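Chains as they are written, first to last, in UniProt numbering: chain A, 1 to 154; chain B, 1 to 154; chain C, 1 to 154; chain D, 1 to 154; chain E, 1 to 154; chain F, 1 to 154; chain G, 1 to 154; chain H, 1 to 154; chain I, 1 to 154; chain J, 1 to 154.
Accuracy of the hints is not assured; some may be wrong.
As the list claims (entries may be wrong) - Result set (DMTMM-like, lysine to aspartate or glutamate): computed pairs, CA atoms no more than 25 Å apart in a straight line:
| # | chain 1 | residue 1 | chain 2 | residue 2 |
| --- | --- | --- | --- | --- |
| 1 | E | K22 | G | E70 |
| 2 | F | K128 | E | D63 |
| 3 | C | K23 | C | E69 |
| 4 | A | K22 | J | E55 |
| 5 | J | K131 | J | E143 |
| 6 | E | K23 | G | E135 |
Claimed, not checked - Partial selection, computed: residues in chain C whose CB lies under 8 Å from chain F:
| # | residue |
| --- | --- |
| 7 | Q85 |
| 8 | V87 |
| 9 | E98 |
| 10 | G101 |
| 11 | P105 |
Stated by the list, open to error - So, partial list: chain I residues that the calculated Cβ filter (under 8 Å) puts toward chain B:
| # | residue |
| --- | --- |
| 12 | S26 |
| 13 | E30 |
| 14 | P91 |
The hints are simulated quantities; they were obtained by calculation from the structure and are not laboratory data. Every value quoted in this text rests on a predicted model; they were computed, and no experiment measured them. All C-beta atoms, glycine included, are put in the ideal place defined by N, C-alpha and C.
There are 10 protein chains.
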Amino acid sequence: MKDLLTESLTKEDATALILQAKKRKSLTWEGIAEGIAMSPVWTHSAAMGMNAFPEAKARAIIDLLDLPEEALEALTESPTKIWDQTVPTDPCIYRFYEIVGVYGPTLKALIHEKFGDGIMSAIDFDMKVEKVPHEKGDRVKVEMSGKYLQYNCW
Amino acid sequence: MKDLLTESLTKEDATALILQAKKRKSLTWEGIAEGIAMSPVWTHSAAMGMNAFPEAKARAIIDLLDLPEEALEALTESPTKIWDQTVPTDPCIYRFYEIVGVYGPTLKALIHEKFGDGIMSAIDFDMKVEKVPHEKGDRVKVEMSGKYLQYNCW
Amino acid sequence: MKDLLTESLTKEDATALILQAKKRKSLTWEGIAEGIAMSPVWTHSAAMGMNAFPEAKARAIIDLLDLPEEALEALTESPTKIWDQTVPTDPCIYRFYEIVGVYGPTLKALIHEKFGDGIMSAIDFDMKVEKVPHEKGDRVKVEMSGKYLQYNCW
Amino acid sequence: MKDLLTESLTKEDATALILQAKKRKSLTWEGIAEGIAMSPVWTHSAAMGMNAFPEAKARAIIDLLDLPEEALEALTESPTKIWDQTVPTDPCIYRFYEIVGVYGPTLKALIHEKFGDGIMSAIDFDMKVEKVPHEKGDRVKVEMSGKYLQYNCW
Amino acid sequence: MKDLLTESLTKEDATALILQAKKRKSLTWEGIAEGIAMSPVWTHSAAMGMNAFPEAKARAIIDLLDLPEEALEALTESPTKIWDQTVPTDPCIYRFYEIVGVYGPTLKALIHEKFGDGIMSAIDFDMKVEKVPHEKGDRVKVEMSGKYLQYNCW
Amino acid sequence: MKDLLTESLTKEDATALILQAKKRKSLTWEGIAEGIAMSPVWTHSAAMGMNAFPEAKARAIIDLLDLPEEALEALTESPTKIWDQTVPTDPCIYRFYEIVGVYGPTLKALIHEKFGDGIMSAIDFDMKVEKVPHEKGDRVKVEMSGKYLQYNCW
Amino acid sequence: MKDLLTESLTKEDATALILQAKKRKSLTWEGIAEGIAMSPVWTHSAAMGMNAFPEAKARAIIDLLDLPEEALEALTESPTKIWDQTVPTDPCIYRFYEIVGVYGPTLKALIHEKFGDGIMSAIDFDMKVEKVPHEKGDRVKVEMSGKYLQYNCW
Amino acid sequence: MKDLLTESLTKEDATALILQAKKRKSLTWEGIAEGIAMSPVWTHSAAMGMNAFPEAKARAIIDLLDLPEEALEALTESPTKIWDQTVPTDPCIYRFYEIVGVYGPTLKALIHEKFGDGIMSAIDFDMKVEKVPHEKGDRVKVEMSGKYLQYNCW
Amino acid sequence: MKDLLTESLTKEDATALILQAKKRKSLTWEGIAEGIAMSPVWTHSAAMGMNAFPEAKARAIIDLLDLPEEALEALTESPTKIWDQTVPTDPCIYRFYEIVGVYGPTLKALIHEKFGDGIMSAIDFDMKVEKVPHEKGDRVKVEMSGKYLQYNCW
Amino acid sequence: MKDLLTESLTKEDATALILQAKKRKSLTWEGIAEGIAMSPVWTHSAAMGMNAFPEAKARAIIDLLDLPEEALEALTESPTKIWDQTVPTDPCIYRFYEIVGVYGPTLKALIHEKFGDGIMSAIDFDMKVEKVPHEKGDRVKVEMSGKYLQYNCW
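Looking at chain A on its own, in the form it has when it is part of the complex (with noise of 0.2 Å):
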């Protein structure tokens, strides 16, 4: 009966065949979200299994790289977002928790200062990420833009 269970391809299989035809390929995130006509934050976090490729992008993706067509599928369907680490160890991500945690509050208090009761939306969301060349040593800008949603009253 176990035979019955021949899998289709799944978001981590997407996300493989992505990574190796990158590598046979030689082509950076940047290079990558280029060719498909959207951002490298986005790309990335798509090609990893974070976001849901709309169809067209999936296409454009799978054209790109060559994917096998069956890759769609999984290509676009809506992610379960699942991380293992409540704090995260790997000290390029780490340093990012860290500053919520240390300016978190600060973040609160200008948003509510600057707009009312409400927050950032991590949904209706935004970001990139730059290089900025600087004499005492480069620096990494990260750049995060959210809809404001307000708090509602009923």
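Mind docking chains B, C, D, E, F, G, H, I and J on chain A? Use the hints.
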């Protein structure tokens, strides 16, 4: 013997004094920041006791807010940065935690692609929060900038 | 110096004042809600300090319950929403946690099926609780409504 | 000896078979629910192995989806309801967790006010999800109904 | 303003008053239970603030123990049931936790076998503790009884 | 070298063999328990690998269920009792956890009152589950009995 | 009303009184233990409120240390044994935790080999600590003895 | 390329080989310990991979149990001591955890009283387990001995 | 009765007294350390109550800082070393935690390679912190030294 | 489709290849480090996949250990640094965790005293381990050096 233990002002006391003066004088964080010629993010964070005031800035905020002279020591001492909630519950702060969970690996991948094997510093770091008007609803824009630090090989 | 630290009313104080007035005046939450022309769920939540009163509603509840004028500031300030128990122990609240555990993936799947790749907002949100008489035992009916938020692609 | 251990279909297998058939037949959860004359919420939940199919409903879904007869046993057995994440990370599910955190005490207070000292059952329970068109953006409406259970005094 | 916050008796105060009266009058829990015509398990639990006294029983225990009239309100209000230790450390309580860990799946399997797909209610529930003399050492007998609740299909 | 590692039957294998035979022979736990002249609770628990079969009982269940002779060793060896969920999520098991949380201090107080400073053993222990018909709905009755163990003073 | 709540001595108070008297009289735990004709381990543990004094021993320590008569009740009542740190941080205590982690399965295997399917009681239990002079450095010797308890089959 | 990864024997493999040989030869841990002239506690612990065999002892157990020569390397390498359960669930091991929780502060106090400011080493450490016949039930005697280590002042 | 509980100075009190005197006298930790002829690391740690002062050093710091004679007892008693944060949040301390996470297995492997099967003692241990000027930015140098402890075989 | 997923070498594979070659060639970490002209700490850490090899060093270790050319990519890619145990259980690693717990605040205080308001970098960082012979027992000397990073004010 307990009488020997007359406590001086703590960083928490200094924060409380600032909050009272801010209310009494009807100031905003932006106003206070301008008054001491620093950014609003840093000013709020230092006022909350999460950053240390350089002596000149401590004197400036004491003057601006008519704080007691005794606050100087507490304002300038290096804080021990502690947050109690491993996962923050307040929705406004949680959304930033969620962004780190969802986009942490993406930030890492793009930093590696643009800079090499290293991280963005959370110490040599600055941040600003802006309100960006938008026809479909205003947006919160958060801009972080940290020095790129390359892993050492030795 | 500590004498400088005369505290103003906190949101906890405001909650305590409301609870006392509610007892003294023998009011129900439904009654209070009606008195300030808001819903019972929102009214209780704001009274507990988990939502901010708009100024007009703060004045209304001050009038209705004969609260001191000084409560206005605490009632209107944006709350920091904190809950201590990651898993709530009270059986009445735990059952809702259990429902999220059991039916969370189902809610997600049906939202995706009906709306697309997005979520129900917990900010642009309202809820009501009703008693539905039933011959085999009355039923609690809880109705939540939140704005659908579509994930951004950029 | 290990050869003795030929396993029969598990609930996970049954779920996988349902998901495949759903794709193959291009069905929606609403369609499947209608096909077996049950609600979409219950149908998805049972299909995920979080509820047990009564025998008639198991037969109905086997017929509807052309599942193998051997799935009957797995579909009808009582599930052990397990969720791995104490705090769910997927934003769509987390928002419901957040609602329980923010409004849990309110739900409790209003249930006590309307019914007495008791709880809403999560066992004698039903739920539905609806799409409510709205000019400022469609809304997700979730309606839960559970039997009121009064605490026993003895 | 803080003077406005004169607190009334809490459930913790009521518990303290009961414990003092119990000592002063040299009563046992069995004696108090008999005095208010309730079971010892329920009586102790309600005295600890983990269950609510119906008004008649609150009056009975006030009379029996000469509690102040003001305790009535605290005794009758619905408790928020909170326990601090996820895993209890006291050996006498831990052994019951251990029994749930070891025999939980067995209780579940036998309830399913005898009743169907459902659970034992912890709300419509009663319990008693007895001493059973035994030649090899007396035994503690604990008897729980809860209403069987069948999962709803809808 | 790895070929040297031919494994013998584990307790998990023995459990799987019992479950298969139970299905194949359409037996209940009560039926199996009767067949080996033990109680249903103990029989299920031992079959799950949470208790060790005395040799005679291992032989009895091997005979009753036509298990392979090689299962004898696994059935009789002392189990390492492990449960993965500190707080069980399955509602049927959680309710017992909840009872320990709510009534743990009560069980402790009454044991102290009836017996002295000691505990109920979870080792020299037995339990049974019964169905008690009731007009307002059948009830699950669980009866535990454990030897009283007095704390030693030395 | 709060004035009604005059508290009697708690176990923590009794511990504090013992510690003060111990200092004032320059006694050691060995000395106190000898003075009440009990072992040092038990005596310290009971003095810390982790064991209950039998009435005669409570009287003996009251006499020995000139404690107030009111301490009798607190000294003799059954303690609720609580420890706050799941993993103890103090190095002297952590090493014992480490020993349980490293040698726990070994203790289990040897108890099973020597006794059968059972455990060592932590209730019918005693312990002593000795100093064993040794040329390469003195050694701490800890001797535990607990009654063997056989698992029940029923 | 994966074929390059032919693994050698791990410590887990060595443990499995020892357990099989022990069964095949019907040996006890005491018997094996005697056969290699070491104590039963150390022998079991090293066999479980929680201690490293000195080369002579590794050869001895290889000879005694007819293990393959290739096991030598795994048996002699320093183990990484890992335990998965912060709080052990098996009752036989938990009781020792409980003893550390209840008597940890007592062990600390008596070590300080007898030796000074230091700890008992868990590295320069030995332990034995004995069966002590007793009329009221045999007792498990555990004897630990560790070198006293004095805190350094510098 | 509560009046009997006049507390003596605790280690926390002694720490507070030292911190006040340090400010009043404008001393540095290096200065205090020099004044009592101990190292700065040890001196700060003992002043924080994480190490015990030998009597001579306690007298030295009392003299140096004009502490009350009553502090002697608190300064010399063995501390219970407790830290509240399993993972420290302060960035300056977290980096050391991160180093243990990243390089822990490396430290272990090199200790085994250089010394054998054992560990570095954290008890017979000393540490120093130095500032090393460097053209690309000064460096913090931390030097730890602990006695090698070989695992015992017995 | 699954056949498309032929995986290339991972960092774990590269680690396994290094460990095998190290055994086969009877090398030490010091020997390997010398062979590629890097330090032993860095070499072990990179070999474990916790640091990235610069290309030249990757080629050097491939040559030294006769690794397959395909390992180059895995050796040079930026690792995601993950550790599973929040509190490490292996005694050799735990002692370093304990040092951070006990001396973390001391390290912080002395860094602030010597440098100002900042931290020691764990990225621009190096470490060495040495064996220091000592008459009372050899000592492990660990020397860490990290760039001082000053907090930014902006």
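Hint-by-hint comparison with the structure:
The suggested pairing of E:K22 with G:E70 holds, with an alpha-carbon distance near 16 Å, which does not exceed 25 Å. Restraint check for F:K128 and E:D63: not satisfied, since their Cα atoms lie roughly 40 Å apart, outside the 25 Å limit. A threshold of 25 Å between alpha carbons decides the hint, and for C:K23 with C:E69 the separation of about 19 Å falls inside it, so the pair holds. At most 25 Å may separate the alpha-carbon atoms for a hinted pair to count; A:K22 and J:E55 meet this at roughly 20 Å.
At most 25 Å may separate the alpha-carbon atoms for a hinted pair to count; J:K131 and J:E143 meet this at roughly 11 Å. Of the pairs offered as hints, the one joining E:K23 and G:E135 is violated, with about 56 Å between alpha carbons and a cut-off of 25 Å exceeded. Because the closest C-beta pair between C:Q85 and chain F is about 11 Å apart, greater than 8 Å, the hint is violated. At a threshold of 8 Å, the smallest CB-CB gap from C:V87 to chain F is about 6 Å, leaving the interface hint in force.
Given hint, C:E98 at the interface with chain F, holds; its Cβ is 6 Å from that chain's nearest Cβ, closer than 8 Å. Residue-level restraint check for C:G101 holds (minimum Cβ-Cβ distance to chain F is 6 Å; threshold 8 Å). Checking C:P105 against chain F: minimum C-beta separation of about 13 Å lies over 8 Å; hint violated. At its closest, the beta carbon of I:S26 sits 11 Å from a beta carbon of chain B; the interface hint therefore is violated under the 8 Å criterion.
At about 16 Å, the closest approach between the beta carbon of I:E30 and any beta carbon in chain B exceeds 8 Å, and the interface hint on this residue is violated. Restraint check, I:P91 versus chain B: the minimum CB separation of about 6 Å is within 8 Å; hint holds.
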